[in-house]
Amino acid sequence: MPNISLTNPSNITELRFNSISTQKLGGVIQSLDAFTNLEEFFFIDHELTGSIPDISSNTVFRELHCQRNQLTGNIPDLSSNTVLEKFNCFTNNLTGSIPDISSNTVLEKFNCYENQLTGNIPVISSNTDLIFFLCYDNNLTGSIPDLSSNTALERFNCSVNSLTGNIPTINSNTALERFKCHDNNLTGDIPDLSNNTNLIEFHCFNNNLTGYAGGSVSPTLLSFLAFNNNLSISAVNSILAAFVAAGASGGTLNLGVNALPIGQGIIDKATLISRGWSVTTA
Amino acid sequence: MAIQKITDVDNIETTQEQWWIIYNDETKTVLEGPLQCSGYTSSPHIMVIGNTEEELLTYIEENDLIIPNDDEDEL
Numbered sequence: 000m001p002n003i004s005l006t007n008p009s010n011i012t013e014l015r016f017n018s019i020s021t022q023k024l025g026g027v028i029q030s031l032d033a034f035t036n037l038e039e040f041f042f043i044d045h046e047l048t049g050s051i052p053d054i055s056s057n058t059v060f061r062e063l064h065c066q067r068n069q070l071t072g073n074i075p076d077l078s079s080n081t082v083l084e085k086f087n088c089f090t091n092n093l094t095g096s097i098p099d100i101s102s103n104t105v106l107e108k109f110n111c112y113e114n115q116l117t118g119n120i121p122v123i124s125s126n127t128d129l130i131f132f133l134c135y136d137n138n139l140t141g142s143i144p145d146l147s148s149n150t151a152l153e154r155f156n157c158s159v160n161s162l163t164g165n166i167p168t169i170n171s172n173t174a175l176e177r178f179k180c181h182d183n184n185l186t187g188d189i190p191d192l193s194n195n196t197n198l199i200e201f202h203c204f205n206n207n208l209t210g211y212a213g214g215s216v217s218p219t220l221l222s223f224l225a226f227n228n229n230l231s232i233s234a235v236n237s238i239l240a241a242f243v244a245a246g247a248s249g250g251t252l253n254l255g256v257n258a259l260p261i262g263q264g265i266i267d268k269a270t271l272i273s274r275g276w277s278v279t280t281a
Numbered sequence: 000m001a002i003q004k005i006t007d008v009d010n011i012e013t014t015q016e017q018w019w020i021i022y023n024d025e026t027k028t029v030l031e032g033p034l035q036c037s038g039y040t041s042s043p044h045i046m047v048i049g050n051t052e053e054e055l056l057t058y059i060e061e062n063d064l065i066i067p068n069d070d071e072d073e074l
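Sequence lines, in order, name chains A and B.
What the first sequence shows, in numbering that gives the first Met the number 0, is residues 0 to 281, in sequence order.
What the second sequence shows, in numbering that gives the first Met the number 0, is residues 0 to 74, in sequence order.
To be clear, the hints were calculated from the coordinates, so they are not data collected in a lab.
Careful: at least some of the hints might be erroneous.
Simulated restraints on C-beta separations [as the list claims (entries may be wrong)]: (1) A:G118 x B:T6: 46 to 54 Å; (2) A:T48 x B:I66: 27 to 35 Å; (3) A:L5 x B:L74: 17 to 25 Å; (4) A:L5 x B:L56: 28 to 36 Å; (5) B:L56 x A:T270: 30 to 38 Å.
All residues carry an ideal CB built from backbone N, CA and C; glycine is no exception.
So here's chain B without its partners, still in its complex pose (with noise of 0.2 Å):
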């Protein structure tokens, strides 16, 4: 399966196979994933899903997103 790209998160069902994120389309940052969780999930971001975490990485990298990540220190 290529990877889905939803612009309507409402009540979008995963299974536990499957790879997602979340992210902000303005500010081009990733809030959730990628991760392997399932359930139903609504949100007024973007959804993207995949066959694997490798599937998301690219895509984050191809379409120049943010994964923030808080707990790097530097000094």
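In isolation and in its complexed conformation, chain A is listed as follows (with noise of 0.2 Å):
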């Protein structure tokens, strides 16, 4: 494979190696040190090797893209690219923490999800602008940070890692469509979720939560899949209750591997039925 050098890198504010699915390139990123004005660069779904450059020098970087290689080593430091908005180093083989994104205050996507990534889930409550916030499938530890900051907010997925602690509040993420989390240790209860008015999906199963903090859902809110936690009586019923009074029809709702339901919640349960949900309790 011959190495890639390009004259006057100063000036080229976007590279891009596309892709085909017979001509891979493979090798290391040396240095991007000498693209002081690059914005964008894309290296998707190739074979690189070794780690993310240092782009530190790299200040107006706006959107890095490199999933779907080989790429090992930590995710470097971040807080010189100021005007970052992408980061999508999914689907490799990354490992160490995540940076400190507190700089990145225009930060939309941060896509890490699919590597082995260790530590906490670092504050992002500077990170007003995010959209996506995607780490499923890595080691990470700790907890959930606090999301009340994060009003754009639209999918956040965490979802098989070992975190512990609580569910934060998600009342202030009104733009907030799809929450995953399950498949961690987390405990206390499922948050409140009347204020998200545009939540599709939440995904909470396979942890230990054992309550319900209670409110209303939306009628958009149509896959809700909460089994094998420690749910109890009351929240198990509620959370029926919630559904019945939203009124959709067609959803998926799974309670199973928690507490029965009883009284009004086995009649619940054979409203959502009758509406065309699909329902499992235990």
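Join these two chains into a complex; the hints should help.
Now the structure itself:
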């Protein structure tokens, strides 16, 4: 494989290496230091190895897309990349922790799912433009951070990690469409979802959740999977009642391997089934 | 045990050892699973129960079913 070098790299604002199934590029990205005006870098679905290069001198960098390669090592320091909008490095072999992204105040997408990242999810309260935060299928620990400032957030997925603690309040996240935190070690209550009027999916199965904070659910919420927790009778009954009150048809609600619904809960389950819902309870 | 395909999903009991899916036969979309979860399920859709996740993944492939993943972002 020949080395790729470019003359006048400082004039280049965008680098795209398109992937063709039979012609994937391999090797290591040596350095992007000379590309001082580089704004966008696309190297998707190749066979890159080595680590993501240092991009601290690329201060006008807006988008990095290196998904589906074989990258290893840590995510570099991003504190100089203050205009960074999209950071996509999913489906690689990255290790180490997620760096501090508090300087990346215009960040819209941070997608590093399907890696081997460890450590805590960083504080994201200054990332108020964040729309997607997808870090599922890693080895992350600690708790889910405060999301109350992330009012633009549409998708949050930190499932299949080793997270502990409570699911934070998501009352402020009114743009939220999909929230997934399944397959962790989370405890406490399923939060109040009454303000999440755009929510479509809420998946919190395979945790140790015990309660439901109550409140209504949006009729847009058509996939609610909370099986394999320790939800109480009261929580199970309240969830069934909330979905009946929402009045939607044709959704999927799984509350299996929790307490059995009783009384009105059994009636509510039957009501949902009559509205075309798929319902599982213990 | 072979795969069980159930078209009248009315209070079907599953054990913690079994794997299952629910799919919409019109859209060929998997709505739930493959998952392991004991309980009683009712649904207007089709339920398929097997012993292993692999059995169900094979069923999904052979029947051209789609497992949607809305959290696969691209750009």
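How the hints compare with the structure:
1. A:G118 x B:T6: 46 to 54 Å: 47 Å, holds
2. A:T48 x B:I66: 27 to 35 Å: Given a distance of about 30 Å, which is inside 27 to 35 Å, the answer is holds.
3. A:L5 x B:L74: 17 to 25 Å: About 23 Å separates the Cβ atoms of L5 (chain A) and L74 (chain B), which means 17 to 25 Å holds.
4. A:L5 x B:L56: 28 to 36 Å: 44 Å, violated
5. B:L56 x A:T270: 30 to 38 Å: Hint holds: Cβ distance 34 Å, inside 30 to 38 Å.
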